[in-house]
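Protein sequences, first through last, are from chains Z and D. For the record, in the first sequence the residue sitting at position 384 is 384 according to the UniProt record's numbering, with numbers rising by one throughout. For the record, in the second sequence the residue sitting at position 325 is 325 according to the UniProt record's numbering, with numbers rising by one throughout.
Hints in this document: simulated from the structure, not taken from any laboratory. All clues given are correct.
Stretch-level coverage of chain Z by chain D, calculated; a stretch enters the list once three of its residues show a Cβ under 8 Å from a Cβ in chain D: (1) 90-99; (2) 109-120.
Using 30 Å as the maximum straight-line C-alpha spacing, the simulated DSSO-like pairs for lysine-lysine come out as follows: (3) 54(D) to 77(Z); (4) 124(D) to 84(D); (5) 377(Z) to 430(D); (6) 475(D) to 388(Z); (7) 377(D) to 430(Z).
Examples of chain Z residues toward chain D, derived with CB under 7 Å: (8) 79; (9) 155; (10) 159; (11) 179; (12) 197; (13) 242; (14) 251; (15) 371; (16) 390; (17) 392; (18) 512.
Every residue, glycine too, gets a C-beta built ideally from N, C-alpha and C.
Protein chains: 2
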Amino acid sequence: MDAAPGPPHSPCTLRREKSGGTGGHSPASSLYFRFSIRFVNAFSVILLDLLPAKNGEEATMQFLLELVGILTNYVRKTFDRSTKVLDFHHPHQLLEGMEGFNLELSDQPESLEQILVDCRDTLKYGVRTGHPRFFNQLSTGLDIIGLAGEWLTSTANTNMFTYEIAPVFVLMEQLTLKKMREMIGWPSGEGDGIFSPGGAISNMYSVMIARYKYFPEVKTKGMSAAPRLVLFTSEHSHYSIKKAGAALGFGSENVVLLSTDERGRVIPADLEAKILDVKQKGYHPLFVNATAGSTVYGAFDPINEIADIYGAWGGGLLMSRKHRHKFSGVERANSVTWNPHKMMGVPLQCSAILVREKGILAGCNSMCAGYLFQPDKQYDVSYDTGDKAIQCGRHVDIFKFWLMWKAKGTIGFEQHIDKCLDLSQYLYDKIRNRQGYEMVFQGVPQHTNVCFWYIPPSLRGLEHNSEEYREKLHKVAPKIKAMMMESGTTMVGYQPQGQKVNFFRMVVSNPAALQSDIDFLIDEIERLGHDL
Amino acid sequence: MDAAPGPPHSPCTLRREKSGGTGGHSPASSLYFRFSIRFVNAFSVILLDLLPAKNGEEATMQFLLELVGILTNYVRKTFDRSTKVLDFHHPHQLLEGMEGFNLELSDQPESLEQILVDCRDTLKYGVRTGHPRFFNQLSTGLDIIGLAGEWLTSTANTNMFTYEIAPVFVLMEQLTLKKMREMIGWPSGEGDGIFSPGGAISNMYSVMIARYKYFPEVKTKGMSAAPRLVLFTSEHSHYSIKKAGAALGFGSENVVLLSTDERGRVIPADLEAKILDVKQKGYHPLFVNATAGSTVYGAFDPINEIADIYGAWGGGLLMSRKHRHKFSGVERANSVTWNPHKMMGVPLQCSAILVREKGILAGCNSMCAGYLFQPDKQYDVSYDTGDKAIQCGRHVDIFKFWLMWKAKGTIGFEQHIDKCLDLSQYLYDKIRNRQGYEMVFQGVPQHTNVCFWYIPPSLRGLEHNSEEYREKLHKVAPKIKAMMMESGTTMVGYQPQGQKVNFFRMVVSNPAALQSDIDFLIDEIERLGHDL
Numbered sequence: 001m002d003a004a005p006g007p008p009h010s011p012c013t014l015r016r017e018k019s020g021g022t023g024g025h026s027p028a029s030s031l032y033f034r035f036s037i038r039f040v041n042a043f044s045v046i047l048l049d050l051l052p053a054k055n056g057e058e059a060t061m062q063f064l065l066e067l068v069g070i071l072t073n074y075v076r077k078t079f080d081r082s083t084k085v086l087d088f089h090h091p092h093q094l095l096e097g098m099e100g101f102n103l104e105l106s107d108q109p110e111s112l113e114q115i116l117v118d119c120r121d122t123l124k125y126g127v128r129t130g131h132p133r134f135f136n137q138l139s140t141g142l143d144i145i146g147l148a149g150e151w152l153t154s155t156a157n158t159n160m161f162t163y164e165i166a167p168v169f170v171l172m173e174q175l176t177l178k179k180m181r182e183m184i185g186w187p188s189g190e191g192d193g194i195f196s197p198g199g200a201i202s203n204m205y206s207v208m209i210a211r212y213k214y215f216p217e218v219k220t221k222g223m224s225a226a227p228r229l230v231l232f233t234s235e236h237s238h239y240s241i242k243k244a245g246a247a248l249g250f251g252s253e254n255v256v257l258l259s260t261d262e263r264g265r266v267i268p269a270d271l272e273a274k275i276l277d278v279k280q281k282g283y284h285p286l287f288v289n290a291t292a293g294s295t296v297y298g299a300f301d302p303i304n305e306i307a308d309i310y311g312a313w314g315g316g317l318l319m320s321r322k323h324r325h326k327f328s329g330v331e332r333a334n335s336v337t338w339n340p341h342k343m344m345g346v347p348l349q350c351s352a353i354l355v356r357e358k359g360i361l362a363g364c365n366s367m368c369a370g371y372l373f374q375p376d377k378q379y380d381v382s383y384d385t386g387d388k389a390i391q392c393g394r395h396v397d398i399f400k401f402w403l404m405w406k407a408k409g410t411i412g413f414e415q416h417i418d419k420c421l422d423l424s425q426y427l428y429d430k431i432r433n434r435q436g437y438e439m440v441f442q443g444v445p446q447h448t449n450v451c452f453w454y455i456p457p458s459l460r461g462l463e464h465n466s467e468e469y470r471e472k473l474h475k476v477a478p479k480i481k482a483m484m485m486e487s488g489t490t491m492v493g494y495q496p497q498g499q500k501v502n503f504f505r506m507v508v509s510n511p512a513a514l515q516s517d518i519d520f521l522i523d524e525i526e527r528l529g530h531d532l
Numbered sequence: 001m002d003a004a005p006g007p008p009h010s011p012c013t014l015r016r017e018k019s020g021g022t023g024g025h026s027p028a029s030s031l032y033f034r035f036s037i038r039f040v041n042a043f044s045v046i047l048l049d050l051l052p053a054k055n056g057e058e059a060t061m062q063f064l065l066e067l068v069g070i071l072t073n074y075v076r077k078t079f080d081r082s083t084k085v086l087d088f089h090h091p092h093q094l095l096e097g098m099e100g101f102n103l104e105l106s107d108q109p110e111s112l113e114q115i116l117v118d119c120r121d122t123l124k125y126g127v128r129t130g131h132p133r134f135f136n137q138l139s140t141g142l143d144i145i146g147l148a149g150e151w152l153t154s155t156a157n158t159n160m161f162t163y164e165i166a167p168v169f170v171l172m173e174q175l176t177l178k179k180m181r182e183m184i185g186w187p188s189g190e191g192d193g194i195f196s197p198g199g200a201i202s203n204m205y206s207v208m209i210a211r212y213k214y215f216p217e218v219k220t221k222g223m224s225a226a227p228r229l230v231l232f233t234s235e236h237s238h239y240s241i242k243k244a245g246a247a248l249g250f251g252s253e254n255v256v257l258l259s260t261d262e263r264g265r266v267i268p269a270d271l272e273a274k275i276l277d278v279k280q281k282g283y284h285p286l287f288v289n290a291t292a293g294s295t296v297y298g299a300f301d302p303i304n305e306i307a308d309i310y311g312a313w314g315g316g317l318l319m320s321r322k323h324r325h326k327f328s329g330v331e332r333a334n335s336v337t338w339n340p341h342k343m344m345g346v347p348l349q350c351s352a353i354l355v356r357e358k359g360i361l362a363g364c365n366s367m368c369a370g371y372l373f374q375p376d377k378q379y380d381v382s383y384d385t386g387d388k389a390i391q392c393g394r395h396v397d398i399f400k401f402w403l404m405w406k407a408k409g410t411i412g413f414e415q416h417i418d419k420c421l422d423l424s425q426y427l428y429d430k431i432r433n434r435q436g437y438e439m440v441f442q443g444v445p446q447h448t449n450v451c452f453w454y455i456p457p458s459l460r461g462l463e464h465n466s467e468e469y470r471e472k473l474h475k476v477a478p479k480i481k482a483m484m485m486e487s488g489t490t491m492v493g494y495q496p497q498g499q500k501v502n503f504f505r506m507v508v509s510n511p512a513a514l515q516s517d518i519d520f521l522i523d524e525i526e527r528l529g530h531d532l
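Given the sequences, and given the hints that come with them, work out the whole structure.
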């Protein structure tokens, strides 16, 4: 796949189709499909002639358009089911160099021609995460509007710390955060928030905010100014809560894991008992995390008792009138993590931490760097939001999300989410009584996560509680996954969970996926796993 | 500037110039310059016809190419000195809506035509950070290869946590980090490292690593398992060290600020005295941060006594044979923060934390999430590097940097850095004896930072030590800066520092800047400030 139309060093023909003089109404696109990475030889030596070089405009435009030819070709293939999801190679193979694709860096520059070949090869040996049959991660799909947003963001190449150099993006962030708070249900969308480099950092913020609210002196005096503080989260929750506990000086042992029911939802009575236990020991229960859409099972914890919410994976369901009841009680949380880069299909990275109390983010994090946040600017400096971040420079993550929201409307996100949940229901209905399948938990999934074992014919006669069966079954998913990757046809995740041996975790967030892709996945599992 | 060639709702003419049948060798670029955002009406309603819709290819390609027309137009103008750096508007003006540019989000989708208008307007009301006369930040410039790298990265839209879904990028990161460690001078480039979302997070890593090295039990038991730990850093250092101290549970009061000499360099004797003082109090000195290129003065601390290095701004100088002596002793550090997105002109975000001791990053941060880092994969899972991050999902920041390194070679970065330092020397020579200027510190700058006051004629007769003079001078830089932004001609930063009233901090990292742009800046300061 992805073969170049000619050897990289062939002389240029920047091929164009004649448009036939039909004026403006003929399809422009056919013209561009034909771009290849063949160049005039003269072009291949002129990195130094790109902008900002004098008269560098033409070479720059030509280079960028050749690149866009490579990228749009990749986009087309991404959605083409006849292409593979990946062309797998082991690390040592790529490190040794593949047909002129050499990863090593050197002192001397390469030609622009080679740079474009490098770009093509980088895509060729990567993974098409937008392919309709890529189900491997919570973040899948390639949204064209989101992609456009990212291209623009990198062209603008600015920084969120001050209004001064990111006026439009700063305002977009404020408006979007307000809209998200309205969907959470906080009165008039009041509160605060910020986009962070991912759900783990957003969760770190939520823990910091809770600590600052009850023990503000920790900011200046350190953890010794507080009693022993304890965090609570589901044994099924994302590992980032534990990471935050370790990083922020609580200690991972002070992150207490809550027991869950068969579906992976926190048992409220267990939370109550563990809080009591912690209190009796003289420690201070600080923070309870509820998970709205757990990573593996897609479980929604019962929120109504709980103070802080981690809904990175499930957050998008707030946009669905059909499914938002799963968030019942979310408006009682003090903070919410919501990752539009997962269920909502926004390109990576796009994660928000939303906070009910205005001003607490700044209180918690500000250090008032005079060189960045001068109070004597000519505009309203309350729009300089950088000091409430734990970062200094901050990438513009808002624009692609804002643009997608504009293009889809709230209603478009809702349709996407309802469709993904319908597809996972389709998968669930298809396999729950199918021969050779066993569900990891019973009942309709709460999210798009469908967790199941595929049991090859050779295992079906064995006693299911035997050690032999468990050992053999544990190896099935890794073997099928390895064959999937080698053949490049589809990708889906697997893992063990507690006492449960390796099972497949199927998730749907890819807007390109259809029922036929679900059928394909099941056929593929059976094709590859039948003789194990 | 940036006016659309026609009203947004005019009927389409996708204008093309006839190429005159010259085959492949005529300049392709002229064809594309002419793209406008005018469409066929039919195109303006078909968001739902973009990919992944059936037969969505053509509409998708057309949409993306229209967008590229807007972006390349912006790129061209960015380098055009006859355009403004920015078109300033106050927050309330942008919020009220500018000529059809409405930031509010709604339930219903917008047409693709409007989406493209939104894209154009987003750029129009933003700041051209790549403009040759934009000197406002440490990160300036628009590197075309870096831009290409970002466009590709967003098209690939994947995640650094596993080799499985980012094979090429994971290897590029490893090779590049090794190369950077070689430049630091660690034997054979051994050690560890990771790209993080910015210098502040990289510095947070460095503090966490130091804590883990000497008090590993803090990871599980929290800060109470260690004595009172103290961090040391220059009073001129970046505020992120203090932020890290607050966030990680040390407390900002346990971040001791070191006195500096007149040039902003840490005084080693002061470090020694303060370490002794801390020890006498029974606390534990954990971490000393040396700054290589301070934010305001560009000062290089004397490194040879010091354990951990923050060289986010100055890191690029390691690539210059002429200037790397300023890093003398850096190889003795345990960790180094190096931000290629600053001096080296890599698009935001691109920051690395480099560590001398192999395995310590993983030791410090790993939580072994089974669903992500399965040990039973078919490839060498030592390439699954995600668990050593404090993040889970991690944006691909490496590719643009790798691609720039390929295209420039080490030698190209060196030339860029030497050129920037030459330009700042040019500025220094120009103003140090010029009437109306006073340097904030004497002597040739160590980095590209040139810090100076402009003194309008009305102040020149006043007693320099008088309160009146200080008060008046303090207002000069903000006033000039405000006028600069209103007129949109150039941008440069200012700030106070300690007892010193507001002064300009000029920095050069923009590869597009020439001596004439330095001249322009000085002329502009005098034009705007003469009558103050």
